[in-house]
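There are 2 protein chains.
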Amino acid sequence: MKTMKISEAVVRRLPVYLRFLNELSKKNVQTVSSQDLGQKLDLNPAQIRKDLAYFGEFGKKGIGYDVDYLIEKIRQILKLDKIIPVALVGAGNLGRALCNYNAYLKDNMKIVAVFDSHESKIGDTINNLKVKSTSEMKATIQELKVRIGIITVPAAEAQQVANQFVEAGVEAILNFAPMIIKVPGEMRVHHADFTTELQSLAYYLD
Amino acid sequence: MKTMKISEAVVRRLPVYLRFLNELSKKNVQTVSSQDLGQKLDLNPAQIRKDLAYFGEFGKKGIGYDVDYLIEKIRQILKLDKIIPVALVGAGNLGRALCNYNAYLKDNMKIVAVFDSHESKIGDTINNLKVKSTSEMKATIQELKVRIGIITVPAAEAQQVANQFVEAGVEAILNFAPMIIKVPGEMRVHHADFTTELQSLAYYLD
Chain A
1 MKTMKISEAV VRRLPVYLRF LNELSKKNVQ TVSSQDLGQK LDLNPAQIRK DLAYFGEFGK
61 KGIGYDVDYL IEKIRQILKL DKIIPVALVG AGNLGRALCN YNAYLKDNMK IVAVFDSHES
121 KIGDTINNLK VKSTSEMKAT IQELKVRIGI ITVPAAEAQQ VANQFVEAGV EAILNFAPMI
181 IKVPGEMRVH HADFTTELQS LAYYLD
Chain B
1 MKTMKISEAV VRRLPVYLRF LNELSKKNVQ TVSSQDLGQK LDLNPAQIRK DLAYFGEFGK
61 KGIGYDVDYL IEKIRQILKL DKIIPVALVG AGNLGRALCN YNAYLKDNMK IVAVFDSHES
121 KIGDTINNLK VKSTSEMKAT IQELKVRIGI ITVPAAEAQQ VANQFVEAGV EAILNFAPMI
181 IKVPGEMRVH HADFTTELQS LAYYLD
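Chains A and B, in that order, are what the protein sequence lines are. The opening residue of the first sequence carries number 1 in the UniProt record's numbering; numbering runs sequentially from there. The opening residue of the second sequence carries number 1 in the UniProt record's numbering; numbering runs sequentially from there.
Keep in mind the hints are simulated off the structure, nothing from the lab. Take the hints with a grain of salt, since some may be wrong.
[Unchecked claim] Mimicking DSS-like on lysine-lysine, the simulated pairs with C-alpha atoms at most 30 Å apart in a straight line are: (1) Lys27/B with Lys182/A; (2) Lys50/A with Lys182/B; (3) Lys121/B with Lys110/A; (4) Lys121/B with Lys121/A; (5) Lys79/B with Lys138/B; (6) Lys138/B with Lys40/A; (7) Lys61/A with Lys79/A; (8) Lys132/B with Lys121/A; (9) Lys121/B with Lys130/A; (10) Lys79/B with Lys26/B; (11) Lys60/A with Lys73/A; (12) Lys40/B with Lys60/B; (13) Lys26/A with Lys50/A; (14) Lys40/A with Lys79/B; (15) Lys121/A with Lys26/A; (16) Lys145/B with Lys130/B.
Based on the provided sequences and hints, a complete structural model is requested.
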């Protein structure tokens, strides 16, 4: 499975499947069909079958998918069965909101460190995490074995923070700043700014 | 162009193209090739040419795309040349962060109303917007002709807010609450929670 190249679009849909499957599991639902999944998630059932077929023969014809088995498989595929420490830079409203989301991250992905470059924020406590100075980024990130960095600083500061993440050795960045950041080729960056979400929604207005 | 069905993946890439094109335009760059776009955005140039070809023959072989013309076309396609009022429910950290993003939304899409159901937040001012009670949602949304609703309340309150948006007549919802909401079939909902962003990033870790 390791050598297989899966498209980004598929990778982005897997967490959506996972979220819905987790809801089903909580309700003790044992099997689900691609039709049910498709209706709930506004996706073509054939698309869902194709996505899941990347990872093996999970479903049984006429019965559907075993919910708990599928959850386990998707978690393995997304590597959520491993511990993934996350660090965040930018303790403004958005950074605080994300830290408070930590409670929802039941998987082993957790924000373990928060940084800011402004004196007024350093030392604050957000959801049990003390805000540290960005000057401590490299040491803390290496100590806590942080693998993913989140950027929630203003656009003008985003590239510098990205550079610091790269230097500290994180492997992937989730960037909320409304600008494109440059990183070395092997690094993965997802842009998550709201403008693009809103703009793509506008397309669907009549 | 109206009858053409464009895939969601393409619609989601257009704002990303637009953001980068706007940066080029600011720097007075007049033309850009699909290779340049691809390198900058970590996308296959052939994919970019295919995406843009949905909307007509923009590019010139050997020269590339006219930056300002492409900006204008994408804005038309995304309907960003029209005014789109947006309302937000949930004046917590995330809601505040989004309201502060208003400054970045140079397009005609603006958050024009903010609501919360908690007495302690009603009456607060965020970025020149006064937080109103959710009991005023329907009247205010209809008065201001709001077309898109943003949900930034906790998961347990999200469905109720969605119902109120539907009743008030918004056409699309951007949901940040970490749960799936149900809306009538013709309505568009984008889920934008951070968990799925983080989970899809995890896939790319070694």
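* **30 Å limit on alpha-carbon distance, applied to hinted pair lysine 50/A and lysine 182/B** => Between lysine 50/A and lysine 182/B the Cα gap is close to 25 Å, so the pair holds against 30 Å.
* Sort out whether lysine 26/B lies within 30 Å of lysine 79/B, counting only the CA atoms. => 21 Å, holds
* To do: With a cut-off of 30 Å on the C-alpha distance, tell me whether lysine 121/B and lysine 110/A pass.
  => 29 Å, holds
* Asked: Within 30 Å, alpha carbon to alpha carbon, are lysine 132/B and lysine 121/A?
  -> 29 Å, holds
* Asked: Keeping to a limit of 30 Å between CA atoms, is the pair of lysine 40/B and lysine 60/B held or broken?
  -> It holds: about 20 Å lies between the C-alpha atoms, which stays within 30 Å.
* Distance restraint between lysine 26/A and lysine 50/A, which requires alpha-carbon spacing of 30 Å or less -> 25 Å, holds
* To do: Would you check the hint for lysine 138/B and lysine 40/A, treating anything up to 30 Å between C-alpha atoms as holding?
  => Holds, at about 27 Å.
* Taking only the CA atoms, is the gap from lysine 145/B to lysine 130/B under or equal to 30 Å? -> 17 Å, holds
* To do: Below or equal to 30 Å on CA atoms is what counts here, so check lysine 121/B against lysine 130/A.
  => With a Cα-Cα distance of about 26 Å, the restraint between lysine 121/B and lysine 130/A holds, given a limit of 30 Å.
* Satisfaction of hint between lysine 79/A and lysine 61/A, Cα-Cα up to 30 Å -> Distance ~28 Å between lysine 61/A and lysine 79/A Cα, so the pair holds.
* Measure nothing beyond the straight line between the CA atoms of lysine 121/A and lysine 26/A; if it is 30 Å or shorter, mark the hint as holding. => 39 Å, violated
* Asked: Between lysine 121/B and lysine 121/A, is the straight-line Cα distance small enough, at 30 Å or below?
  -> The given pair, whose Cα atoms are some 23 Å apart, holds under the 30 Å limit.
Comparing the model with each numbered hint stated earlier shows that hint 15 is the single one that does not hold.
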